[in-house]
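Enquirer: Whenever a hint applies, use it, and build me the whole structure from the sequences.
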Amino acid sequence: MKHILSIGVKHTSPESELDFTVTLGYYSQIMQTIKFVVGFDNDQYTMVDQTITEASYHEKPGIGCQDLLKVGNNVLLATGGFDHRIKLVSLRNLKPLLLLNFHSDIVNNVQLDYISDDKVKLFSSSEDGYVACWTLDI
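Residue numbers (our numbering): 1 to 138.
Honestly, I wouldn't trust all of these hints.
What the hints assert, rightly or not - Here are the simulated DSS-like pairs of lysine-lysine, each with C-alpha atoms no more than 27 Å apart in a straight line:
(1) 87 x 121
(2) 87 x 70
(3) 35 x 70
(4) 121 x 70
Think of the hints as simulated: they come from the structure by calculation, not from any bench.
Expert: As structure tokens, then:
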């Protein structure tokens with residue numbers, strides 16, 4: 001369990017905003033959850049629970065990549081992840097604009113670049129070794 005793929009952190013107790021759980025997703029389809037609580041002096045954390053379970057990629061927290069870009073009076077959200085696809089969504093009306101099925105492995109990175117109010121460039125990279133660039137009319 002050496003290669004960490006994703007990390008999720010969640011505060012676990014409404015009584016104490018300092019208590020939290022860390023969930024680690026590994027490439028080996030193992031998910032490790034570690035619960036920490038703050039000590040009486042609010043200075044040191046104690047690990048109180050740890051579980052290791054098998055999990056599919058879709059169950060792991062924090063997996064994926066995203067980028068936001070303001071274009072005119074709209075904000076675009078590009079996402080990529082384990083399903084090998086890239087999605088482009090308008091946050092103004094939460095309308096899906098595009099679904100790209102180019103990559104054959106995990107999408108590691110997406111980036112949007114402004115060209116004009118009706119055109120953007122979308123870059124993506126993947127574990128499949130490809131970097132892609134699209135010019136999109138929006």
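Enquirer: Decide, hint by hint, whether the structure agrees.
Expert: We went through each hint and held it up to the structure:
Between residue 87 and residue 121, the direct Cα distance comes to roughly 14 Å. Compliance with the 27 Å bound is thereby established for this hinted pair. Taking the CA atoms of residue 87 and residue 70, the gap is near 16 Å; set against the 27 Å cutoff, the hint holds. Under the criterion of a C-alpha separation no larger than 27 Å, the hint pairing residue 35 with residue 70 is inconsistent with the structure, at around 38 Å. Proximity of residue 121 to residue 70 is assessed by CA-CA distance (about 13 Å); at most 27 Å being required, the pair is judged to hold.
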